[in-house]
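Chemist: Assemble the whole structure, with the sequences as input and the hints as a guide.
Line by line, the protein sequences are chains A and B. Take the first sequence: its letters are residues 1 to 365, numbered as in the numbering used here. Take the second sequence: its letters are residues 366 to 747, numbered as in the numbering used here.
Since the hints were derived computationally from the structure, they do not count as laboratory data. Glycine residues also receive a C-beta, built at the ideal position from the N, C-alpha and C atoms. There may be inaccurate statements among the hints.
[Unchecked claim] Some chain A residues close to chain B (C-beta under 10 Å, calculated; not the full set): (1) R22; (2) T41; (3) A69; (4) E86; (5) L94; (6) E96; (7) T108; (8) D111; (9) I133; (10) Y137; (11) P140; (12) P171; (13) F173; (14) R337.
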Amino acid sequence: MGFSDFHGNAETVHRLRDMLARGRFPHAVILAGARGAGKYTLALMLAQALNCLAPTETDGLPDFCGQCANCRRIALAADLDARFAEAVEAREGLREADKKDTRLFVQTHPDVLVIPPDPPQMMIKVDQVRRVIETIYYRPAEARERVYIFTDSAFMKEAANSLLKVLEEPPEFATIFLLSENPGELLPTIRSRSMVFHLGAVPVEDVERYLAEQRPEWKAPQRALVARLSEGALGRARGFDVESYIAARADAMAILNSALLGGEHTALFKITESYRAGAEGREKTEQLLRTLYSLLRDLMFLGSGASAMLHNTDIQSQLAKMAEAADFEWIAAASDRLADVERGMRRNLLRSLSLDGLSLALEKA
Amino acid sequence: MPVEAAVAVETMEITVSKVELLRELTATQGVVERKTTIPILSNYLFEAGDGELRLTATDLDLSLRTSCSAKVKKEGSCTIPARKLHDYVKLLPDADITIKLLENHWVSIRCGRSNTKMVGMAKSNFPSLPVFPTAGVVKIPGKVLRGLIGRTYFAISSEESRYTLNGALMLLKPESITMVATDGHRLAHCERSGEKFEGVSGELKTLVPKKCMDELKSLLDSTDAETVEFAKDESTLFFRIGSRLLTSRQLTGQFPNFEAVLPKDNSKSITLNNSDFNSAIQRVAQFADERSRAVRLKLEKGEVKISASSTEAGESEDSIEAPYDGETMTIGFNAVYLVDFLKAAGTSDVRLELKDSQSAGQLRPAEGDDYKYRYIVMPMRI
Numbered sequence: 001m002g003f004s005d006f007h008g009n010a011e012t013v014h015r016l017r018d019m020l021a022r023g024r025f026p027h028a029v030i031l032a033g034a035r036g037a038g039k040y041t042l043a044l045m046l047a048q049a050l051n052c053l054a055p056t057e058t059d060g061l062p063d064f065c066g067q068c069a070n071c072r073r074i075a076l077a078a079d080l081d082a083r084f085a086e087a088v089e090a091r092e093g094l095r096e097a098d099k100k101d102t103r104l105f106v107q108t109h110p111d112v113l114v115i116p117p118d119p120p121q122m123m124i125k126v127d128q129v130r131r132v133i134e135t136i137y138y139r140p141a142e143a144r145e146r147v148y149i150f151t152d153s154a155f156m157k158e159a160a161n162s163l164l165k166v167l168e169e170p171p172e173f174a175t176i177f178l179l180s181e182n183p184g185e186l187l188p189t190i191r192s193r194s195m196v197f198h199l200g201a202v203p204v205e206d207v208e209r210y211l212a213e214q215r216p217e218w219k220a221p222q223r224a225l226v227a228r229l230s231e232g233a234l235g236r237a238r239g240f241d242v243e244s245y246i247a248a249r250a251d252a253m254a255i256l257n258s259a260l261l262g263g264e265h266t267a268l269f270k271i272t273e274s275y276r277a278g279a280e281g282r283e284k285t286e287q288l289l290r291t292l293y294s295l296l297r298d299l300m301f302l303g304s305g306a307s308a309m310l311h312n313t314d315i316q317s318q319l320a321k322m323a324e325a326a327d328f329e330w331i332a333a334a335s336d337r338l339a340d341v342e343r344g345m346r347r348n349l350l351r352s353l354s355l356d357g358l359s360l361a362l363e364k365a
Numbered sequence: 366m367p368v369e370a371a372v373a374v375e376t377m378e379i380t381v382s383k384v385e386l387l388r389e390l391t392a393t394q395g396v397v398e399r400k401t402t403i404p405i406l407s408n409y410l411f412e413a414g415d416g417e418l419r420l421t422a423t424d425l426d427l428s429l430r431t432s433c434s435a436k437v438k439k440e441g442s443c444t445i446p447a448r449k450l451h452d453y454v455k456l457l458p459d460a461d462i463t464i465k466l467l468e469n470h471w472v473s474i475r476c477g478r479s480n481t482k483m484v485g486m487a488k489s490n491f492p493s494l495p496v497f498p499t500a501g502v503v504k505i506p507g508k509v510l511r512g513l514i515g516r517t518y519f520a521i522s523s524e525e526s527r528y529t530l531n532g533a534l535m536l537l538k539p540e541s542i543t544m545v546a547t548d549g550h551r552l553a554h555c556e557r558s559g560e561k562f563e564g565v566s567g568e569l570k571t572l573v574p575k576k577c578m579d580e581l582k583s584l585l586d587s588t589d590a591e592t593v594e595f596a597k598d599e600s601t602l603f604f605r606i607g608s609r610l611l612t613s614r615q616l617t618g619q620f621p622n623f624e625a626v627l628p629k630d631n632s633k634s635i636t637l638n639n640s641d642f643n644s645a646i647q648r649v650a651q652f653a654d655e656r657s658r659a660v661r662l663k664l665e666k667g668e669v670k671i672s673a674s675s676t677e678a679g680e681s682e683d684s685i686e687a688p689y690d691g692e693t694m695t696i697g698f699n700a701v702y703l704v705d706f707l708k709a710a711g712t713s714d715v716r717l718e719l720k721d722s723q724s725a726g727q728l729r730p731a732e733g734d735d736y737k738y739r740y741i742v743m744p745m746r747i
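Modeler: Here you go:
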């Protein structure tokens, strides 16, 4: 156990550990990176390093043992999805009256509090931030450093404002981690009070090597495909759901096909109709939009003769056919349109209609 | 939380009297978290051994350990859902209860012809508890501590942004104990001297968190122990009251320099009957502005006029006879702050000391005060 288990982004990790070594670790840290880039994993590792009872050193920098009571208890929070599901279940089990004002927290160590977005809105709420403010000024009991990890940067407005207060003057023994896929989503005043570290994409070859260790049961072509599709995010690569991706891609291909090569609208509408309201529909739509972007990018690579950069290697011939029909202007216009749809989704436009609109707008005049 | 594989098979079997168990369960209810999604915090830790059952509740900031005598058949420990257990034991007949740990953290509770099983959690998940220090223990008479808390706790700020005011300052000297609380608008200060505190040299300053004050208050109300043993280490405060031990994490931060705000030259003094003053304020306050709760006090020869007005409610005035022959002056106060003091003072007469309408007013009991109780309220512009 130790930082050697963190793959990729060696330089960022090095910088963070260097600050640990100097005792100058910032009180507020924004870890930015794509989904699955390892933000949460790294935050927990740092929490362990801050509080390890038998700290070790590797490469001349502080590391953690992973064995002591603090390390072990903090590590229990590693499976965030499972802990989150337990918390949701615990809330379901409360009395009706208490349910409403109970907020979700994950805490496997008394001094390390993980704050996940609160369902059903899946945003960080003001009561969650209040809990942070109420407890942060208490001295740590079993650790050296109180650690707070916000796993998402979608804050309710009030919540973000009250977080500002505590970011202004955190006690010397507390560290707040803000994990964000898009730091731009945070208030500028929050960003200016924190240090931002980016977790960038890991090179495709490294992802493939990592997958060979983690997913030996996958076949080599599948690993190659996933390594390209996961966009350098190891967490995403490890848990990549190929089936649902292929399903989303089939829908995306149908939309592009009908736009570029002409086709039956009935088939198209049947597809877009399946993008419904609700949380499930949102996820499905988000995946579709991401897939559309990835296909557009591939079309661009093919158009410029850079087929080595292709992500969707398994459908190269189909893409090549499409690429002939798509010129650069069309791709650029299409990606603008796609951005419009994304914006519309945030304003809760009807999903199926927006997608219909998109595919019609993409049709070549 | 994942259930860890038990290394050795855990056992525990005890018999306790319902009355004793319920008494301890009730005493710890204040510390049990109700609204939490961290499952272990809604559990008690039960430990049986040496002819007693020790039970512990914690919300991570506070923990309360207590015990009751029990017939221990098998020593051991387990955790039990706190609220359900309390609700259930309340309803049992007054008889002996047998508690037994079964497999997979199930716990059986038998009493007469009632038989119940509840599921707890792995006790390794229970937070580890601070240990009462062996050195530096100070004995404080329970009655004194109760008096100090009762006179100050209501003035503690609940504004989360002013975190150093979210507790009361307890100041121990070899021969006196002082407690101060403030929210920035009013300050309650009381000092009890003539006590002997062994083990205190110089000044021992402690910031006692609000939650801890509340819990201490209710523990002191329900005990017949005469002294409280107080100790602290770097991170934790300890209060031992009889067989119960309350621990609280320490708050960080500096309590403001309160001595600077204690008024020194409030020369206009007036003695008022507590209950007359109290009821007059409460009546008049019905017509005060709902947000500011401001009432106006007008000192005139031989009387004090208390008045309030608001555009919605109307206006109201009360006057109380009082021996005053200084110059006429008017000052505004928040009615709630005044009433808080009058309730806590508990004497039949109180003295109001003022300087002018811009300066802080001071209230204190007029007679029979062993606590040197002073209460400072900032005036309001009205």
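Chemist: Just to be careful: measuring from the Cβ of F173/A to every Cβ in chain B, is the smallest value less than 10 Å?
Modeler: 7 Å, holds
Chemist: Should the interface hint for E86/A be scored as holding, given a Cβ-Cβ cut-off of 10 Å against chain B?
Modeler: Since chain B brings a Cβ to about 7 Å from E86/A, closer than 10 Å, the hint holds.
Chemist: Please check whether P171/A passes as an interface residue: C-beta within 10 Å of a C-beta belonging to chain B.
Modeler: Where the cut-off is 10 Å and the nearest Cβ of chain B is about 5 Å from P171/A, the hint holds.
Chemist: Report holds or violated for the interface hint on T108/A, using the least CB-CB distance to chain B and a cut-off of 10 Å.
Modeler: 7 Å, holds
Chemist: Under 10 Å is the threshold here; is the Cβ of E96/A close enough to any Cβ of chain B for the hint to stand?
Modeler: 12 Å, violated
Chemist: Can Y137/A be said to touch chain B, with a Cβ gap under 10 Å?
Modeler: At about 4 Å, which falls below the 10 Å cut-off, the nearest Cβ of chain B leaves the hint on Y137/A intact, so it holds.
Chemist: Hold the hint about R337/A up to the distance rule: shortest CB distance to chain B must be less than 10 Å.
Modeler: 42 Å, violated
Chemist: Any CB of chain B closer than 10 Å to the CB of R22/A?
Modeler: At about 23 Å, which exceeds the 10 Å cut-off, the nearest Cβ of chain B leaves the hint on R22/A violated.
Chemist: Identify whether the interface hint at T41/A stands, where standing means a beta carbon of chain B within less than 10 Å of its own.
Modeler: 18 Å, violated
Chemist: Take the shortest C-beta to C-beta distance between L94/A and chain B; is it under 10 Å?
Modeler: Nearest chain B Cβ about 7 Å off; hint holds.
Chemist: Interface hint check: P140/A, Cβ to nearest Cβ on chain B, cutoff 10 Å. Holds or violated?
Modeler: 6 Å, holds
Chemist: Tell me if the interface restraint on I133/A is satisfied: Cβ within less than 10 Å of some Cβ in chain B.
Modeler: 5 Å, holds
In this structure, the earlier hints numbered 1, 2, 6, 14 are contradicted, and the remaining ones agree with it.
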